[in-house]
Amino acid sequence: HRGWINLKEAVLGNDDEAIVNSVESGEDYLKGKFKAALDNVDLPAEARAAVLEAWTSVKDGHDEMSALKHAID
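Residue 51 in my numbering is what sits at position 51 of the sequence shown, and the numbering runs on without skipping anything.
Just so you know, these hints were derived from the structure itself, not from any lab. Treat the hints with care, as some may be off.
Said to hold, decoys possible - Derived pair list, reagent style DSS-like, types lysine-lysine, alpha-carbon separation capped at 25 Å:
#1 Lys-59 <-> Lys-31
#2 Lys-69 <-> Lys-59
#3 Lys-59 <-> Lys-33
#4 Lys-33 <-> Lys-69
#5 Lys-59 <-> Lys-35
#6 Lys-69 <-> Lys-35
#7 Lys-69 <-> Lys-31
Stated by the list, open to error - If you anchor each label on the Cβ, the simulated ranges turn out as follows:
#8 Lys-59 <-> Glu-17: 19 to 27 Å
#9 Ala-18 <-> Ala-50: 28 to 36 Å
#10 Ile-72 <-> Lys-31: 16 to 24 Å
#11 Asp-39 <-> Ser-66: 19 to 27 Å
#12 Asn-40 <-> Asp-15: 36 to 44 Å
#13 Leu-68 <-> Gly-32: 14 to 22 Å
#14 Lys-69 <-> Lys-35: 15 to 23 Å
#15 Leu-43 <-> Asp-15: 34 to 42 Å
#16 Pro-44 <-> Ala-67: 29 to 37 Å
#17 Ala-45 <-> His-70: 34 to 42 Å
#18 Val-41 <-> Ala-71: 32 to 40 Å
#19 Glu-64 <-> Asp-15: 12 to 20 Å
#20 Asp-39 <-> Glu-17: 31 to 39 Å
Using N, Cα and C, we set each Cβ at its ideal position, and we do this for glycine too.
Between the sequences and the hints, there should be enough to build the whole structure, so can you do that?
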């Protein structure tokens with residue numbers, strides 16, 4: 001919730017760096033959650049495949065935001 005509030009404040013303030021930082025922070029959080037799910041040895045194969053696909057998407061988004069952040073600096 002706090003992340004969405006920070007993002008809203010950044011967008012309303014038109015602060016590109018703050019927006020990218022907020023998005024990257026959210027991606028970090030999601031990446032951690034998906035990684036924890038993948039570390040679960042009892043995760044069924046179908047669920048693991050779905051989690052892996054989602055984790056890959058989140059990781060790609062995070063990497064994109066990270067590159068954008070470094071381009072802004």
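Tested hints:
1. Lys-59 <-> Lys-31: holds, 6 Å
2. Lys-69 <-> Lys-59: Given pair Lys-69, Lys-59 holds - Cα atoms ~15 Å apart, limit 25 Å.
3. Lys-59 <-> Lys-33: Within the cut-off at roughly 12 Å; holds.
4. Lys-33 <-> Lys-69: holds, 22 Å
5. Lys-59 <-> Lys-35: At roughly 10 Å apart (the allowed maximum being 25 Å), Lys-35 and Lys-59 satisfy the hint.
6. Lys-69 <-> Lys-35: holds, 23 Å
7. Lys-69 <-> Lys-31: Status holds; Cα separation ~17 Å.
8. Lys-59 <-> Glu-17: 19 to 27 Å: Roughly 22 Å apart at Cβ, these two residues keep to the hinted range, so it holds.
9. Ala-18 <-> Ala-50: 28 to 36 Å: holds, 33 Å
10. Ile-72 <-> Lys-31: 16 to 24 Å: This hint holds: roughly 21 Å between Cβ atoms.
11. Asp-39 <-> Ser-66: 19 to 27 Å: holds, 22 Å
12. Asn-40 <-> Asp-15: 36 to 44 Å: With a Cβ separation near 38 Å, Asn-40 and Asp-15 satisfy 36 to 44 Å, so the hint holds.
13. Leu-68 <-> Gly-32: 14 to 22 Å: Cβ of Leu-68 to Cβ of Gly-32: about 20 Å, so the range 14 to 22 Å holds.
14. Lys-69 <-> Lys-35: 15 to 23 Å: Given about 21 Å between the Cβ atoms, the range holds.
15. Leu-43 <-> Asp-15: 34 to 42 Å: Between Leu-43 and Asp-15, where Cβ atoms are some 39 Å apart, the hint holds.
16. Pro-44 <-> Ala-67: 29 to 37 Å: holds, 34 Å
17. Ala-45 <-> His-70: 34 to 42 Å: Between Ala-45 and His-70, where Cβ atoms are some 37 Å apart, the hint holds.
18. Val-41 <-> Ala-71: 32 to 40 Å: holds, 39 Å
19. Glu-64 <-> Asp-15: 12 to 20 Å: Holds: the Cβ-Cβ distance is about 19 Å, inside 12 to 20 Å.
20. Asp-39 <-> Glu-17: 31 to 39 Å: Hint holds: Cβ distance 32 Å, inside 31 to 39 Å.
Checked against the numbered hints above, the structure breaks none of them.
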